[in-house]
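Colleague: One letter stands for each residue in the lines below.
There are 2 protein chains.
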Amino acid sequence: MTGLRRYVPILNWGRAYTRQAFANDMIAAVIVTIMLIPQSLAYALLAGLPPEAGIYASIMPILLYAIFGTSRTLAVGPVAVVSLLTASAIGQVADQGTAGYAAAALTLAFLSGGILLLMGVFRLGFLANFLSHPVIAGFITASGILIAVSQLRHILGIPGGGHTLPEMLASLAGNLGQANALTLIIGVSATAFLFWVRKNLKPALLRLGLPPLTADLLSRAGPVAAVAATTLAVWGMSLDERGVAIVGTVPQSLPPLTMPDFAPDLVAALIGPAALISIIGFVESMSVAQTLAAKRRQRIDPDQELIGLGAANLGAAFTGGYPVTGGFARSVVNYDAGAETPAAGAFTAMGLAIAAVALTPLVHDLPNATLAATIIVAVLSLVDLSILQKTWRYSRADFVAVAATILLTLGAGVEIGVAAGVALSVLLHLFKTSRPHVAEVGLVPGTQHFRNIHRHDVETDPAILTLRVDESLYFVNVRFLQDLIQARVTSGCAIRHVVLMFSAVNAVDYSALESLEAIDQRLRDMGVSLHLSEVKGPVMDRLRGTHFLDRLSGRVFLSQYDAWRHLSADGATAGDHGVAGAAGLA
Amino acid sequence: MTGLRRYVPILNWGRAYTRQAFANDMIAAVIVTIMLIPQSLAYALLAGLPPEAGIYASIMPILLYAIFGTSRTLAVGPVAVVSLLTASAIGQVADQGTAGYAAAALTLAFLSGGILLLMGVFRLGFLANFLSHPVIAGFITASGILIAVSQLRHILGIPGGGHTLPEMLASLAGNLGQANALTLIIGVSATAFLFWVRKNLKPALLRLGLPPLTADLLSRAGPVAAVAATTLAVWGMSLDERGVAIVGTVPQSLPPLTMPDFAPDLVAALIGPAALISIIGFVESMSVAQTLAAKRRQRIDPDQELIGLGAANLGAAFTGGYPVTGGFARSVVNYDAGAETPAAGAFTAMGLAIAAVALTPLVHDLPNATLAATIIVAVLSLVDLSILQKTWRYSRADFVAVAATILLTLGAGVEIGVAAGVALSVLLHLFKTSRPHVAEVGLVPGTQHFRNIHRHDVETDPAILTLRVDESLYFVNVRFLQDLIQARVTSGCAIRHVVLMFSAVNAVDYSALESLEAIDQRLRDMGVSLHLSEVKGPVMDRLRGTHFLDRLSGRVFLSQYDAWRHLSADGATAGDHGVAGAAGLA
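Heads up: the protein sequence lines correspond to chains U and W, in order.
Just so it is clear: in the first sequence, position 419 is 419 by full-length UniProt numbering, and no numbers are missing.
Just so it is clear: in the second sequence, position 289 is 289 by full-length UniProt numbering, and no numbers are missing.
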């Protein structure tokens with residue numbers, strides 16, 4: 001691939017674009033557009049922004065991702081978790097509903113886009129790896145709960161706020177008296193309807209004999225039906241005059257050209273949250289993109305994805321949007337509807353542009369409670385507390401990381417939750433590797449294999465202590481090995497040779513090198529020789545560059561069996577007769 | 001060992017105490033006492049405390065360590081690096097020379113003792129492992145430079161201060177005009193004399209026919225000679241009246257009973273530095289204790305050492321001292337002089353108590369410049385910049401950790417230096433393991449061994465991709481493996497089986513489990529089966545507790561050779577003929 005084509009994937013798939021692919025992409029685009037109109041309005045509500053921001057954030061970003069992204073079917077735009085993070089970040093620097101709030105959203109999108117772009121250019125995509133699966137799962141689950149609870153006030157028709165679960169619940173409890181009955185009826189029935197659609201509509205349609213794909217797409221149109229029905233109800237009965245909050249006037253316009261606010265204070269306050277949004281968005285998007293790509297044996301380039309998402313966010317910043325990423329629901333619909341190339345995304349953008357110009361008067365009477373219902377039903381599918389049970393059964397360390405992430409995200413906010421989860425999973429990993437599994441091994445009789453003396457019936461020689469180290473040696477675990485060898489040797493007086501079997505040692509850092517030197521020196525002081533066996537090529541290469549091998553009291557054996565043959569013979573004959581022989585020579 | 005005897009090691013060695021051991025311990029104690037008098041005064045000067053604090057800090061701590069510590073020969077008391085850390089920590093909360101300063105030193109010793117004790121009781125000694133050897137080496141070297149530079153003002157006889165190298169140099173440059181010529185003469189000649197003693201006296205004495213041990217001990221008495229000579233000079237010529245700063249009146253008393261200041265603000269300000277002092281002190285002490293113990297095939301229990309050092313620091317807090325730990329120089333002298341049991345330490349404490357009561361008038365005229373000279377000569381042996389060159393040759397990551405620790409300790413202070421070193425070495429370690437070595441392997445003809453296809457001439461089968469993963473799988477590196485497999489499989493269309501050879505995979509965390517599930521699912525979507533081979537017992541035990549093995553598209557083979565035989569046979573015959581056969585069946 002030439003340089004330009006590496007950075008602009010459209011130059012690859014664009015040349016081979018066929019009429020058939022065009023037809024497929026167009027059909028997918030129509031379906032996705034219909035689904036995206038209510039979803040975009042809803043996520044803008046969640047982010048605390050005016051409704052049109054959600055639509056604008058779905059237009060230019062999709063186009064830019066189509067040019068720079070590597071996934072054929074990923075649909076980029078506002079998503080639930082990023083909208084929540086946006087509300088949390090901007091809520092700290094501006095009040096919702098002010099001009100400063102919308103300007104800060106542009107700044108956040110710009111910073112997030114810049115960070116993603118830089119990570120892509122400098123190939124720093126691996127930074128996302130610091131988010132372990134349990135931390136992500138815990139964070140997504142807790143975010144889902146936070147989002148659902150944050151929407152209850154729209155269902156109840158009361159004011160409220162807060163960025164943590166206790167704050168939100170206190171705010172709900174305090175304002176409960178102001179609840180609007182009509183809003184509540186709309187909100188509860190929309191929620192119930194959407195849950196029913198999600199759970200029962202598709203099986204019902206299948207029973208009626210519809211093809212699975214049609215049944216699936218129709219059941220995904222549930223939110224559109226709820227939007228239409230409740231909008232008509234408000235319009236027909238003028239419910240907005242009886243206290244039902246509605247979307248109201250949305251400007252009829254293409255995305256405007258906007259300029260983010262670059263005030264140093266604002267940038268300083270938003271750079272941290274922007275980095276978090278970038279990484280979380282990237283992880284979410286990659287997981288969707290790779291799942292879909294694998295189904296068609298296509299490849300996703302993580303560094304190029306960073307560039308694609310970066311461009312999309314910069315696009316959002318200059319066209320009245322807010323931070324975006326590849327969304328799960330919209331991408332799956334796009335894929336299922338038959339999208340073949342990123343052109344489907346471009347057609348979706350056109351569809352949304354037409355909607356922004358022509359259809360916004362239609363949503364004037366749409367109740368916020370309906371939008372809140374679509375959000376609640378969508379995000380509750382993100383909530384999966386079974387991760388607690390799964391990690392508990394698999395590994396306590398992973399369980400602790402999940403539980404802490406969930407509790408802190410709910411109790412102290414999204415940023416602290418993720419930061420604590422990352423820090424904790426790193427510390428727990430280091431702790432686990434700080435006490436490596438070290439097995440004392442002996443020869444399986446009649447073979448050349450060595451196995452744990454506590455699990456197998458093996459031959460040993462009291463003059464030879466053989467330890468198989470099941471971990472790379474590095475600063476966190478070397479002292480453990482040092483203590484273990486010293487304890488073992490001081491308790492067995494016949495020991496004259498210690499053999500470290502390095503078959504599972506993939507690396508030896510400088511601390512470990514010095515520790516091996518110290519172990520050798522201390523064993524020498526006790527009249528014991530240190531040997532190594534089965535050292536891997538890359539480890540041996542490094543050791544050869546030092547004086548360690550020259551000074552080593554013993555030898556490096558290619559195989560453990562060589563070591564055994566040589567050192568047993570040194571004492572006397574191998575096996576149980578070795579003791580007397582060794583003592584005789586010592 | 002019963003519970004009490006585990007926590008009070010004196011109950012073990014005390015029962016078997018012999019007359020011979022008593023004689024040996026007594027001789028060692030006399031030699032160590034003589035060496036410790038000037039050293040204690042000097043380190044108190046370095047810590048910014050009155051001279052007697054250094055002596056008091058050597059009495060009760062030694063006694064308590066003799067009861068609770070596990071090393072037979074470790075000598076506990078003030079040491080250079082801990083004195084520097086003390087000065088840095090207390091300098092932030094009180095002015096040198098005030099009563100608050102000395103009280104804060106007691107609080108620091110109390111907090112440090114408490115932290116060590118808690119770490120011992122809860123067996124948290126492994127926390128010290130987070131200090132890698134390069135970070136410790138860099139920190140000790142930078143501390144040596146800082147200490148030496150901090151003493152130049154006593155050699156010059158000028159006021160000054162600062163806790164970083166630039167601050168100290170600026171302070172020296174600003175006050176250079178006030179230098180006292182007589183002080184300078186004393187300081188420079190004492191320094192030159194001590195360097196000469198250190199370098200040339202022992203060889204000279206050996207040439208005169210003295211036994212090596214005697215020569216060694218005499219050459220270590222150099223500081224005592226310098227102290228005596230310069231004190232006599234000041235006394236004889238009344239140099240103190242001509243501007244030479246002297247130790248002055250030191251109270252003639254046993255260590256007083258003192259109470260640390262527990263003001264909440266002070267405790268809050270000192271708890272961080274106290275934790276740092278505890279860990280650095282523990283690491284330094286353990287390294288000395290283990291080196292000496294190994295020479296006599298004795299054992300050090302790290303958790304009990306924490307209790308011993310904790311008791312020693314609590315002792316210092318209540319008897320007018322400041323934070324202490326096991327010192328290298330004093331312990332080596334104790335060992336070389338023939339100390340057999342911790343009783344030698346107790347006798348040293350008695351010797352120092354006698355000195356504190358009877359001998360303090362003798363040091364009234366001792367010039368501070370001489371003490372500064374002993375410190376400079378002692379700490380310059382800590383400075384070892386060769387660590388930069390050694391780590392550069394061995395591993396760039398370790399080099400970066402050393403260089404950053406040295407630069408930040410010198411430029412930004414001891415606390416930031418250590419913290420940055422620890423954080424950096426953890427991040428570099430994670431980064432190294434984030435891109436594990438993965439080798440594509442094939443069968444060495446005529447054997448059952450598999451080797452890297454790029455290094456060896458091996459048999460392969462285009463339908464089988466075998467990857468040997470040389471690292472434990474955990475959240476930081478799983479996405480790398482996922483991307484690598486996806487890239488490799490999408491570029492080789494004949495591949496029908498992927499075998500992951502797990503011989504060097506020591507652990508699989510929950511993130512890696514989920515990634516393996518995702519890899520399996522994605523390969524299945526491409527019509528490829530995933531197999532594992534040579535999975536270790538502990539990893540297999542964990543996988544058996546999940547649904548992973550039930551759902552796996554392929555199989556788990558005991559050995560890679562089994563996998564090869566089975567999967568090649570599945571296609572057709574093994575080796576180069578496999579292609580056609582596999583294609584025929586696919």
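Worth flagging that the hints you see were computed from the coordinates, not collected in a lab.
Possibly wrong hints are sitting among the right ones.
Treat identical chains as interchangeable: a pair holds within one or across any two.
Each computed DMTMM-like pair below joins lysine to aspartate or glutamate, with the alpha-carbon atoms no more than 20 Å apart [said to hold, decoys possible]:
id	residue 1	residue 2
1	K295	D525
2	K202	D541
3	K202	E459
4	K295	D216
5	K432	D541
6	K295	D520
7	K202	D520
Colleague: Of the numbered hints stated earlier in the document, which are not met by this structure?
Modeller: 2, 3, 7
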